[in-house]
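Asks: The residues making up each chain are set out below.
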Amino acid sequence: MARARGVLLGLWPLALSLVLLAPLRHPGHLLSRDLVFVPHEPLTDAALGLGGAAPRSVPLDAVVALLTSVADGGVLGRGLLLASLSLAGWGVLRLTDGLGTTARLAASGFAVWNPFVIERMALGQWALVLGYAALPWILHAAATHRRTGSVRAGALAVLWSAVASLTPTGGVFALATTVAGGASRRPRSWWPLGVVALEQLPWIVPSLVGGATRTSDPTGVAVFAPGSDASGHPALALLGLGGIWDGLSVPDSRHTFLAVAAIAVVAISAILGVRRWAVLAPDLALRLAALGVTGLLAALVLTTGPGQDALRHLVADVPGAGLGRDGQKLLAPFVLLVACLFGAAVDVVARRLARHGVEVVASVGLLLVLVPVGLVPDGAGTVWRTVRPVRFPDALTSAATKIDGGPPDRAVVTLPWRAYRNVRWGTGYPSSDPLVRMVDRPVFTSGDLVVGDRTVRGESETAASIGSALAHGRPADVLPAYGIGWVVVYADDPAAGQVDVTGLRRVLASPELTVYAVPGAQAAPEPESWRRLTVIAADLLALFVVLGAAVTAMLESRHSSKES
Amino acid sequence: MVRVLVPALVGVVLAVVIAFLMVYLQNKAPSANPANAPILAYGTPAT
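Line by line, the protein sequences are chains A and B.
The first sequence begins at 1 in my numbering and counts up by one.
The second sequence begins at 1 in my numbering and counts up by one.
Don't read these hints as lab results, they were simulated from the structure.
Please read these numbers as outputs of a predicted model, since none were measured by experiment.
Backbone N, C-alpha and C define an ideal beta-carbon position, used for all residues, glycine too.
This list has only true hints and no planted wrong ones.
Now the stretches of chain A that chain B is said to cover, found in silico as 3 or more residues with beta-carbon under 8 Å:
| id | stretch |
| --- | --- |
| 1 | 244 to 251 |
| 2 | 362 to 369 |
| 3 | 445 to 455 |
To give an idea of the chain B side of the interface with chain A (calculated C-beta under 7 Å), a few residues:
| id | residue |
| --- | --- |
| 4 | Arg3 |
| 5 | Val6 |
| 6 | Ala41 |
| 7 | Thr44 |
| 8 | Ala46 |
With the rest of the complex left out, here is chain A:
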């Protein structure tokens, strides 16, 4: 009976995830906003963080590259997106073990369907959502290890932290959550934290030796600061679990009374649920509260002038501080906290109604379980426009094959010179350039992000130099010096006609793109051996740590099952 109930409970977050990702049933690959899954991604220097750009998706790109060598990127992307959402709900189910069925349904549904998750998925940042989804698992495992000294629990905390640490932001979340869940006076409770710190090497080392400028453009602080909605102020939007910087990712309902209703639900959940949650999980309640409120306060600080000024100085002067410029993402632990409190509040209501009979509990419970969906009724539609797969034109594969078949030391430039593209065969929304991940050669695009009427400069000095050279000369004249052997012109770009291709040799033409060889190109400079060796050593160390944790968890599981 208990097992059947557990399965049924697990189906609810899965069902909500399937609704949010319904367009994935269509054929094609994912390419919209930050969401890019190409059929096969080669393992390049850029994927390891040696491409000269800031390592924001390291080691994520390397892991995806390795996985696409065994599974097509279309299949992989579908699996990872579904896992990112479902794991959040299942993790909260684990944390709320002890609440009633209705309350756990409500909490797990809230973890999947809330403004934060919907806005981030609409921006295509599935890896951030995966990091958020790993938090309840890390917290639970770290706390179990602290209480019982279980080696298996410590290893599980390390494994879930590895999932979160696919991106630098997720890695910081993993470290904070391991501390929140596992910190105690006993020295033995600290070893998982040390191991989780080692898991951060794959992005820390490239950020130090990868060749990108270590500081970021301070313009990004204002551009990526939390945004407002119908609640009237970014701080209120954050309290309602929204407040993403990007207007295209904000559901329309956030511009209605529902933005205020979300704040009310958060407040009521906290008032009604806090005592029940503290009684149910006395060990975790305070720790999760500290983690969540810290994240909220950090995000709130970035809605203030002095907070933004301070971060602007940090971003301009302190290496790696650019990580904090998109402050709304720091809400992730707070969203987790609110999901648990919402479940506890529903539990309080269900218990009070119990004396009226099961009919009353069931009907009111149904209403409460649907509250998260009611707060963002257009959540699915907002996510759908990003996760709708598109059919990659054959020309992309042909271009990648052509370039990979050429000299090994020639880099690629895609033109017109942009960071993001809006291809005719895409979703209609801007996306990363797919060729960056399809070609086994360095691919240079502009690193400058245009947001509204402002431009945030990228961190790659090489890309900045190439962009400057292209602004002052013909590609055929200026590119050979940078080791650029190929130019790909996206033919459906409105500015494609302005690209001066004289002096270039056309080798492939299609309605979608044209590939040109650059005569006289020198060999492209490669990262120095010591940089590459240092980064690979850091990656291998982190990989051994993860494998070690996996083996330990398996052996300990077998050991404990034999004993029982």
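Position chain B against the provided structure of chain A, taking the given hints into account.
Replies: The following block gives chain B in isolation, referenced to the frame of chain A:
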């Protein structure tokens, strides 16, 4: 009495909300035309 009234009330609320949403969504023009989005931009400020 409560056993009858509350489930009925919840049913009415759900029915009204769902009916309203169905009609509303069918009659609502898209808030943003993707074709109007600045094609070179990574995003737009929220407000």
